[in-house]
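Asks: So you can see what is in the structure, the chains are spelled out below.
Number of protein chains: 2
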Amino acid sequence: MTAPAATATAGEVISRYLTEQAGNFLRALPQAVGEAGARPGALPSLNSPAGSGGTLELLRAVRRVGGALHTFGAVFEPGWAHESRAELRWLLNLLAQEPAYQRRSARLLAAVDSLSGVAPAGEGGPGMLAGHQGAPKARALLDRQLTLARTRAHSTVLQELRSARLHALADRMTLLVGEAPLVEPAWGKAGEVLPSQAAAAFAALGAAVQALPLRRAATAYQGDALHRLGGAEPSGPAVVPPQGRTGDADSALAADDAPWHRVRILLKRTRYALEVCGRPGDQLVELDRVLDCHQEAADAAVTAATAARTPRITPATAYVLGVVHADQRLEVEAARFAFGSRWPELPLSLDGWEGPPGQRMG
Amino acid sequence: MTAPAATATAGEVISRYLTEQAGNFLRALPQAVGEAGARPGALPSLNSPAGSGGTLELLRAVRRVGGALHTFGAVFEPGWAHESRAELRWLLNLLAQEPAYQRRSARLLAAVDSLSGVAPAGEGGPGMLAGHQGAPKARALLDRQLTLARTRAHSTVLQELRSARLHALADRMTLLVGEAPLVEPAWGKAGEVLPSQAAAAFAALGAAVQALPLRRAATAYQGDALHRLGGAEPSGPAVVPPQGRTGDADSALAADDAPWHRVRILLKRTRYALEVCGRPGDQLVELDRVLDCHQEAADAAVTAATAARTPRITPATAYVLGVVHADQRLEVEAARFAFGSRWPELPLSLDGWEGPPGQRMG
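Keeping their order, the protein sequence lines are chains A and B.
Mapping of the first sequence onto my numbering: residues 297 to 658, in sequence order.
Mapping of the second sequence onto my numbering: residues 297 to 658, in sequence order.
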């Protein structure tokens, strides 16, 4: 996308963006349905990448349309925008699970392999668990549990992809192609209406980042992920404990991670808002990737801890799962360090639109 | 100590240093014997700091005399110096064990407490193992095994502190007070003889550091301690596996740690050589501390791994020990990072004695 022409209205700019994304949605949908149901009745092939092609394209479009409807909500018919966002969130949660389980499986099995020195690592030699008798069992346990979770997620997708709810959502997307239901502020100049709304998204992101323990995260090896949890985020959002049986430890970690996960969502919204406005967001893309890693490592750590509570496993297996858990929490800490190192380089303002670029907020 | 006067001979300077250290040795020895045998026949109080006072002073003197005899070996009668160093090494190994077990116990129990959130941490909240059922059991297991090891080390010290071998070593130290058996190069000017020998110690240290994977260690979160082991040190010294049952993993870690442990020894020698020459070595003191931490964390990780192989422990206990193992290996990695960050700031040369200070080697 290019920057909006000076004469364009806000409605024209946002409609052009939504038309493009809704088109992507409608092209990707049948492809995703085909992928999911390619072998009806059979289990999905667990070796082929879940959501390659169609599903990932669909997720991309869903995130962008939802983000635009949220950030630029003032230019849309409110009831319609609200409903649309709810339905998009439903589809997002539905579709994201299977690829997430697949990435988590790849991440955890690679960690076990690397720690036990069986991975075809380039320069590395044997890892911390080289020759450890528990490693193959822990690997098999993780593989089994994540395959089961992925299979269940796939079945749910298969069911819902044929539902009336999805058809209704597809109809909504069809309407978006050229005909988004706009209201008053949409008739204003794009350069006046949109930046202020994108700036609000940016401000929300900035405020959430300010509340993070960034100074600590920006110093390496502060033990954030392993030792210093909880106390620093007294006003964090309510914590939804991860699925499965949970202990105090899981809750403490979830509470510690929650503000970071929230920043990830706000950062995606800001990133898409910049896309709507035709502004470059390369730095946000990179930070988005870092926070995706943060989330995936945090989820993987929970999976390792949950697997360690499987009845009748051997102590050797449990020991390896403990190492893997700590390893993934270390990845969480590394992601925070990477975020903390890069964030201050961002020009935290949209002033660039109306003044000199590069100015920093706070 | 102050820098040697321009007119002093090498023998005078080194004798003054050895007289001081041998005096420390002879004052600390009866105190250490008294501490060890305060309650003959009874077990030592395991709550009082082992080697507080006497033993630690004795260790300080033993390390310094041994270091001086090694680095400035050319000015001593060779047979005498060789024998003295062997006897000092014996006493060092004998005395260092009990305080080492005590520090390791403190380190590991603090790690379990911190990870399980029961430590009275200032700003931190609950850690990664908060409420985990295995934490108290793992703590008790580590406490029991390290107490046993410390008690054994104490008994050995008690025996040897009354041995003829120790009395003979004390006689050697008495001889050192004012009467070190010097040979020819000792009559040369201190400013000409000593720096070249200290420089050789510095060069040995520099060469050993060059062989470390320093560039990797200087970047945070490279997974050195957990993942990338072995391959990088093809020419490292032969590895003595840690005590107890060992697996491939322990061997791989020991091989990875060995070059760092070697640098620690060379750094201590260099540090004491600077003391002899009356030169400031504050930066080396700090790096020495970092490498002590490196060694202690590496040893603690082995203890956690060994404890996890105790028969009939529960999976929950083993899981916690796995987390603790990874945590200590993370401390190893953090120490390498700290070393890699500070080392390049050192003026790696003794040219300061004969030219402009601050010049850097290689």
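Rather than coming from a laboratory, the hints here were simulated on the basis of the structure.
The beta-carbon is built from N, C-alpha and C at its ideal position, and this holds for glycine as well.
Treat the hints with care, since some could be wrong.
[Claimed, not checked] Reference listing, derived: stretches of chain B covered by chain A, where coverage requires no fewer than 3 residues with Cβ under 8 angstroms from a Cβ of chain A:
{"#": "1", "stretch": "379-385"}
{"#": "2", "stretch": "440-451"}
[Said to hold, decoys possible] Listed next, with one range per pair, are the computed distances between beta-carbon atoms:
{"#": "3", "chain 1": "B", "residue 1": "T452", "chain 2": "A", "residue 2": "E641", "range": "53 to 63 angstroms"}
{"#": "4", "chain 1": "A", "residue 1": "P576", "chain 2": "B", "residue 2": "A436", "range": "53 to 63 angstroms"}
{"#": "5", "chain 1": "A", "residue 1": "G427", "chain 2": "B", "residue 2": "E582", "range": "52 to 62 angstroms"}
{"#": "6", "chain 1": "B", "residue 1": "L454", "chain 2": "A", "residue 2": "A406", "range": "29 to 39 angstroms"}
{"#": "7", "chain 1": "A", "residue 1": "T515", "chain 2": "B", "residue 2": "L454", "range": "50 to 60 angstroms"}
Asks: Would you mind marking each hint as holding or not holding in the structure?
Replies: Consistency of the hints with the structure:
1. Requiring three or more residues with a Cβ within less than 8 angstroms of a Cβ of chain A, the coverage given for the stretch 379-385 of chain B is violated, as only 0 such residues are present.
2. Counting residues of the stretch 440-451 of chain B whose CB falls under 8 angstroms from any CB of chain A gives 0; the rule of at least 3 is not met.
3. Evaluation of the 53 to 63 angstroms hint for B/T452 and A/E641 yields a pass: the beta carbon distance comes to about 57 angstroms.
4. Range check, A/P576 to B/A436: Cβ separation about 58 angstroms, and the 53 to 63 angstroms hint holds.
5. The hinted window of 52 to 62 angstroms between A/G427 and B/E582 is violated, with their beta carbons roughly 37 angstroms apart.
6. Separated by about 51 angstroms at the C-beta atoms, B/L454 and A/A406 break the suggested range of 29 to 39 angstroms.
7. In this structure, A/T515 and B/L454 break the distance hint of 50 to 60 angstroms, their C-beta atoms being roughly 45 angstroms apart.
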